[in-house]
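Student: Given next are the chains, with one letter for each unit.
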Amino acid sequence: SQQGEEDPQALSIQEGENATMNCSYKTSINNLQWYRQNSGRGLVHLILIRSNEREKHSGRLRVTLDTSKKSSSLLITASRAADTASYFCATDRDSGAGSYQLTFGKGTKLSVIP
Amino acid sequence: EPEVTQTPSHQVTQMGQEVILRCVPISNHLYFYWYRQILGQKVEFLVSFYNNEISEKSEIFDDQFSVERPDGSNFTLKIRSTKLEDSAMYFCASSVVRGPTGELFFGEGSRLTVL
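Sequences listed follow chains A and B, in order.
For the first sequence, the numbering used here assigns the number 1 to the initial residue and increments by one for each residue that follows.
For the second sequence, the numbering used here assigns the number 115 to the initial residue and increments by one for each residue that follows.
Just chain A, with the same shape it has in the complex:
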C-alpha cells in the first residue's frame, strides 16, 4: 500500500497567493512531517506535527492533521518565488515497537511565478 501520497502532483501559482498541498496516508502514525526539496538538492525539514495535534504553525506555514481521515495539509501563505520547490510529507509509522524510518510521498512540485 502507498503511504504518504500528496496531491496535487504539481501546483503553479502567482506570487502572493496561498498554496495548499494535501497528503494522505494509510497506517497509523506517530507523527507526520513536511520536507522541502529544491531541485537537485537535499531535503529540508519544515514542520513536524504529532498524531495528537490538529494544527501547527511556523511562520508562513500552517499544517493540519486529521487522523480520522488519515490526511494532512500544508498551507504556505503569501507565497514567494523562493518557495518554488517540491514538498513532501513523511510519516513515522506507529509500529508499537518503535520505528526508525520515514515513509515519503511522491511530493507536490510547487512553482511560484513572480
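Be a bit skeptical, because a hint or two may be false.
When the alpha-carbon atoms are kept at most 27 Å apart in a straight line, the in silico DSS-like pairs for lysine-lysine are as follows [unchecked claim]:
1. 156(B) with 69(A)
2. 192(B) with 171(B)
3. 171(B) with 26(A)
4. 56(A) with 106(A)
5. 69(A) with 26(A)
6. 70(A) with 106(A)
7. 171(B) with 70(A)
8. 106(A) with 69(A)
9. 192(B) with 156(B)
10. 156(B) with 56(A)
11. 156(B) with 197(B)
12. 156(B) with 70(A)
13. 106(A) with 192(B)
14. 197(B) with 106(A)
15. 69(A) with 109(A)
16. 171(B) with 197(B)
17. 106(A) with 156(B)
18. 109(A) with 26(A)
19. 156(B) with 109(A)
20. 26(A) with 156(B)
21. 171(B) with 106(A)
Computed spacing ranges between beta-carbons, pair by pair [said to hold, decoys possible]:
22. 28(A) with 130(B): 41 to 49 Å
23. 60(A) with 217(B): 15 to 23 Å
24. 18(A) with 165(B): 41 to 49 Å
25. 126(B) with 68(A): 46 to 54 Å
The hints are simulated quantities; they were obtained by calculation from the structure and are not laboratory data.
Since this is a predicted model, take the numbers as computed values, not measurements.
Cβ coordinates follow ideal geometry from the N, Cα and C atoms, glycine included.
Assemble the complex: chain A is given as a structure, and chain B must be docked to it using the hints.
Tutor: Then chain B, alone, in the frame of chain A:
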C-alpha cells in the same frame, strides 16, 4: 549552523564496481540513516543505524549494501557490486532522537550514476 555533509556530490561508476558514499552526520546526533531517490521517484528508506549497529533496514538494503561508522565522525554506505538500477541520489540523514520527535537532518546527497 551544523549540517550533514556528504561526499562525493556525484560519482560515475561502471556496473559491477564497488562504491563507497561518505557522510559526516551532525556531531551530537545519535541516529543515522541512508535514503535514496531514483530520479523522479519517491525518497525511499534504506537503513537506520544506532549504537554501532543496524536498527532497521528495508527490502532494498540487500546483501550488496553495507553501512559502517569507521570512526567517531564518518558514516559510510558501501555498494559492493553496483547495478544499473542503483543509479540514484543517496541521502544521508541524522537525528538526535527517533520516533515522535524525530526530525531528520539531511545532507545534500550523493548522485550515483552506474553505467
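Student: Do residue 60(A) and residue 217(B) keep their Cβ atoms within the hinted range of 15 to 23 Å?
Tutor: holds (19 Å)
Student: Does the structure keep residue 109(A) and residue 26(A) at a Cα separation of 27 Å or less?
Tutor: holds (22 Å)
Student: Measure nothing beyond the straight line between the CA atoms of residue 192(B) and residue 171(B); if it is 27 Å or shorter, mark the hint as holding.
Tutor: holds (14 Å)
Student: Within a Cα-Cα threshold of 27 Å, do residue 156(B) and residue 197(B) meet the stated pairing?
Tutor: holds (19 Å)
Student: Please work out if residue 197(B) and residue 106(A) have their alpha carbons no farther apart than 27 Å.
Tutor: Holds, because 24 Å separates the two Cα atoms, which is no more than 27 Å.
Student: Are residue 171(B) and residue 26(A) close enough, with their CA atoms no more than 27 Å apart?
Tutor: Holds - the C-alpha atoms of residue 26(A) and residue 171(B) are around 21 Å apart, at most 27 Å.
Student: Residue 156(B) and residue 70(A) were given as a pair; does the straight-line alpha-carbon distance stay at or below 27 Å?
Tutor: holds (19 Å)
Student: Indicate whether the distance between the beta carbons of residue 18(A) and residue 165(B) respects the range 41 to 49 Å.
Tutor: With a Cβ separation near 44 Å, residue 18(A) and residue 165(B) satisfy 41 to 49 Å, so the hint holds.
Student: Would the pair residue 56(A) and residue 106(A) pass a check requiring their Cα atoms to be no farther apart than 27 Å?
Tutor: holds (22 Å)
Student: Going straight from one Cα to the other, do residue 69(A) and residue 109(A) come out at no more than 27 Å?
Tutor: holds (23 Å)
Student: Does residue 106(A) pair with residue 192(B) here, judged by a C-alpha cut-off of 27 Å?
Tutor: Given pair residue 106(A), residue 192(B) holds - Cα atoms ~26 Å apart, limit 27 Å.
Student: Check whether the Cα positions of residue 156(B) and residue 109(A) lie no farther apart than 27 Å.
Tutor: holds (13 Å)
Checked against the numbered hints given earlier, this structure breaks none of them.
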